[in-house]
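Asker: Model the placement of chain Z on the given structure of chain V, informed by the hints.
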Amino acid sequence: MSEIWCVASGKGGVGKTFVASGLGISLAKLRKKVLLVDFDISGANLHTVLGLKDFKKSIVDGLNANSNGVDMVMRSSFPNLDFIPGFIVPQLGQELCTFKVDALLQQLKSLKYDVIIFDLGPGAQKANFSLMNYADRNFVITNCEPTSIEKTYSFIEQYIAGDYPAKNLHILVNFCRSQQHQTLGKSFESVLFKKHDVNVRFSAGIRFDNAVWQSTFMASSNLQNVFALMPYSEVCHDFYKICKQLIDPSDLRAVS
Amino acid sequence: MSTDFKNNYYEILEVANTATQHEITVAYEKAKRTYSAQNAALYSVFTEAEASALRDLIEEAYSVLSNQNYRNIYEKRLLSKSYSASDLSLDAVKKASTELFNENSLLQAAPTEIAENEKPSYEKNQTLESEIETCNEWDGDFLKKVREYKQYSLELLHEKTKVNPWYLSALEKMEPQNLPAPVFVRGYVTQFAKTLGLNEKQVAESYMKIYKSKLEQTKTK
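Residue numbers (this note's numbering), protein chains in the order written: chain V, 896 to 1151; chain Z, 159 to 379.
Since the hints were derived computationally from the structure, they do not count as laboratory data. A portion of the hints provided could be inaccurate.
What the hints assert, rightly or not - Calculated pairs, PhoX-like style, for lysine-lysine (alpha carbon to alpha carbon, straight line, at most 20 angstroms): (1) Z/K302 with Z/K253; (2) V/K928 with V/K1136; (3) V/K1081 with Z/K331; (4) Z/K331 with Z/K277; (5) Z/K352 with Z/K372; (6) V/K1004 with V/K927; (7) Z/K370 with Z/K302; (8) V/K995 with V/K952; (9) Z/K190 with V/K1090; (10) Z/K277 with Z/K318; (11) Z/K370 with V/K1081; (12) Z/K367 with V/K1090.
For reference, chain V alone in the conformation it holds in the complex:
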């Protein structure tokens, strides 16, 4: 049975797509079969983070039901990691039709992946919430700035207000530059518990790392992910650490 993980955020530009790819690559390196799906219908760019281009089909074909799951899947440059590209689809608007999503998820689940990761678009939108409702784990990404923190709280408030079960919430704090930032996730847990009676299941910090910035220097013809370029950097270590804590200990394998 595949697990579905959703990566969402209240604010754009906090590193959702990067975190989705980081989680996917780390899990693949921990020898899980992983499928990354770009559900960011307002601006797909997961392919860029993975250094992929020239794709023929996208998630739209799956939603329009004129393609079955296997056709959409692309191999990535990492073993065990596959990918379904997204596309900017103005005609689909912000609403994902529920029945189509249902059918698509059935197809994806039949593909025998251990973990399927959805990279969602930013903001508190119905389309995002309905996808999060299907997920086994929902990661809310934030960074350490007040704007992002405010939007994260309003995102979670709206998610609870929509009667979605809030039991699978995970908080990841991106761009941590100090020890205080690293413990911000724990503070979120406490504040959400006190204010909204929400139990956050997991929280962690991801350190700011120049390696990510350096990995974007590559010429566009030769884009490479930080995991390929600098696999021993701090940021990669943080992703491994997070994934190791989320995998059932009996299934835990060494990083390949």
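Answerer: The following block gives chain Z in isolation, referenced to the frame of chain V:
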């Protein structure tokens, strides 16, 4: 606003009520950090006034839970559910703890309040007075009778004679197994009789005679 917060001190510190002292201290340090004015995670959720109220609550919760005496009282009240919210506050718990301490403590007998030479007053009883006058067989029972007649409690007698009250009651019951060597017992009886205003020499002589025969009996048993 304050009703929104969890009122239970355990919930304020976010620990289970089975938490150890160490866990409570760790949780307190964490809560203090979380609700410090510098923490960005409070932004847009708690105002500075609310955060400061929370900090006070956290301090209060730790004051109660970090002290085993306070924590016992608090837990008892919390479980019985018959106490109002004000009975569960730090001040109420502190007060209850002080009262409990005074009840349990021997200091309640307040030895310093009794002046050295002060004697408890008692009503004269002519028949008993003459009985004391003529008695020449002083055993424990009679000593007890006289002590009670003269309104001495064991504690008071202990204060005056400086003999352990436990020995004093053994003296009255004539229990050799609970008393030290006869030479000490003689000393105790002398003190006992002197304090009660009796002829201590005569009392000790006659008491020791009876006591020694009792001692022989227990030895042969």
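Asker: Please write out, lowest number first, the hints stated earlier that are contradicted by the structure.
Answerer: Failing hints, ascending: 1, 3, 4, 5, 11 and 12.
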